[in-house]
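Protein chains in written order, with the UniProt record's numbering: chain R, 1 to 265; chain U, 1 to 426.
These are computed hints drawn from the structure, not numbers from a lab.
Where a beta carbon is used, it is the ideal one built from N, C-alpha and C, also for glycine.
Each computed EDC-like pair below joins lysine to aspartate or glutamate, with the alpha-carbon atoms no more than 16 Å apart:
1) U:Lys175 <-> R:Glu153
2) R:Lys197 <-> U:Glu386
3) U:Lys11 <-> U:Glu107
4) R:Lys197 <-> U:Glu385
For the chain U half of the interface with chain R, some residues (derived, Cβ under 10 Å), not all of them:
5) Asp73
6) Val121
7) Leu128
8) Ile157
Take a look, some chain U residues computed to stay more than 10 Å from chain R by CB distance:
9) Ser174
10) Ala210
11) Glu237
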Amino acid sequence: MIDLAHAAQLAQGADLAQSGSAGEAVFFWILAPVALAGALGLVLARQAIHAALSLALTMMCLAVFYIMQHAPFLGFVQIMVYTGAIMMLFLFVLMLFGRDSKDSMFETLRGQRLLAVLLGVGMAALLSSGLARAVSGLVVVEPAAPAGQGNVEQIAEALFSTYLFPFEIVSGVLTVAAVGALMFAHVAKKGGHRGQKEHSRERFAPGVYPGPRPGPGVFATSDSTATPALRPDGSIEPASLSEYVPPRQLTPAEAAPKHTEGRDS
Amino acid sequence: MNDPIWLMLVKGVLVFVILILLVIFTIWYERRVVAIMQVRPGPNRNGPFGLLQSLADALKLALKEDIMPRTADKVVFIMAPMIAVMCAFTAFSVIPMGPEVSMFGVETALQLTDFEVSVLVILACSALGVYGIVLAGWASGSTYSLLGSLRAAAQVISYEIALGLAVLAVFFQSKLMSTGAIVDAQAEGLPLSIGGTEITLPGWYFIVLAPSFVIFVISMVGETNRAPFDLPEAESELVAGFATEYSSLKYASFFLAEYVNMITMSALAVTLFLGGWAAPFPDSWWPAANEGYLPLVWFFGKVLAFLFLFVWLRGTLPRLRYDQFMNLGWKVLVPVSLVWLMVLAAMNIGLDSGNELPTRIAFAGGAAIAVMALIFFWPSRKQYEEPAEPDAGLGGFPVPPMDLAVPPNPRSLKRLEPANTSKEEE
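Could you build the full structure based on these sequences and the hints that come with them?
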């Protein structure tokens, strides 16, 4: 859907680019293909993260379009809110999926792909032709700003006086949605809070090994897996024996210090 | 800003050079300051006072082997450090470093660019800069990196809210969103009459908006991933977090980005709360102090003071545990900023409107909010109660009993089936 919306954006932007300055046109023709490529990448990417990144790219291009059309506040808020916060939350979830999970290309419904392509193209044609007819021939003019009112003031005026009620309704609905999601995800903890005392008791309870286990080679005189670790009294520590390697005890001759040239006492 | 194109280019290059030099200086500065705090000399071999140490380190890093992990997502892996560096450098472009000067015969402000909503550029850039860290961790294909990047994503989103709310207070107070204009707005003093005597306080917002300033400084440290909030790269838990798999220039660029972010955030704090490039004394003492290139001294002096704060925090505080860190962000900083914003709005409405009724409503509302805040933040933690009788559990807490019989290692008791190592069955 995004790329369809993009076609519309493109159609609308083309008119604007004609009416705008040369710099604006240059930026538009550089960024419009990038935005379109991002939208296509969102649909065609096999990995979820790549799709999310393509969407982020498209959103950034949209933000630059807003800035070009003298709506800097909207543009930067778009970057901060959509790219910075919402896409980041998406990424947060997608990253937990695992690197190797990719879209399956297996078709479960016969003829689904063909139908999807046909319907998609039809939808795109319908939307873009409709929008193109609607906006072609329109002359783009700067919004008539009352004196001393910038972009931010106008948005604030619209949001907090003209559209105050819908704005409040939307914020209420969003809050309800967030609280609802929290309620679904919330799991009450079983039992009370366990403090240090409880943890310590558990750790020293009979049948539990209280300390950290000996690391490999910590007690051993050699780092070979065939050499068992010795306890302080000289007996063999059975926990250090590997089941898969036959234990080997060094003969006294092997264990004796090697003779070193010139160092013999 | 209507500079000719050549001047824009010159300024852009100058900002870049200044940032690079400041980064090189800051690394040395940090190491020396931490060293002095830990009673050791620090780097003092290369160049005078060891000033060239970070240059040598950068050369060494650049000449190291560039390793690409086999499991890495190649495009994203290479893109991530670029995103981090680009966003870090872009953010500095709207920081005003001085007043209007004549540069090569053209009157221009000591600032790369400025427009109606330029503070938002910094916020947007810091929001995008997280992509670098998050993607780096994901693309590395390593568990430590992924954990680091998950932490980074959660951390920056949480602390960005507190940071944004602190900045919002400045917008409230100044009714401006442009960095240069906010600096100009702070130049006017704050007239106060206490008991008949007229005093003019400096108009810097850290006085008027003290709670916002404190919240901004705390969340600024969280936003730049610096100690004690350096959870994404906690070297004792996650090796180096998101940067574990990186080497050579790519690793260096993450460090570059981190230090540039530190500088930018310090500069933003100076711009929003400490009067920007204005001299730290009244105009009447030295009228020429705020003209020409001299304010650069005040500006960078303030920025260096903030950088010292960063280093001081790193040298003093241990890293927070993750849940404590999130609690601080969501349960302390965000509610406090929200309540403070409401109080500020109420006070502004009350002070702005001359007639009686709205003033009263505003002050009553502000008082109600303050009472609500008091109830909300009243400490609810239970007081520690002395146990009535000594703890008899297993010979007393927390010492294990003297007659503790160490049970056998359950791992060694487990009979493992020997793995089938022969290849004949396949």
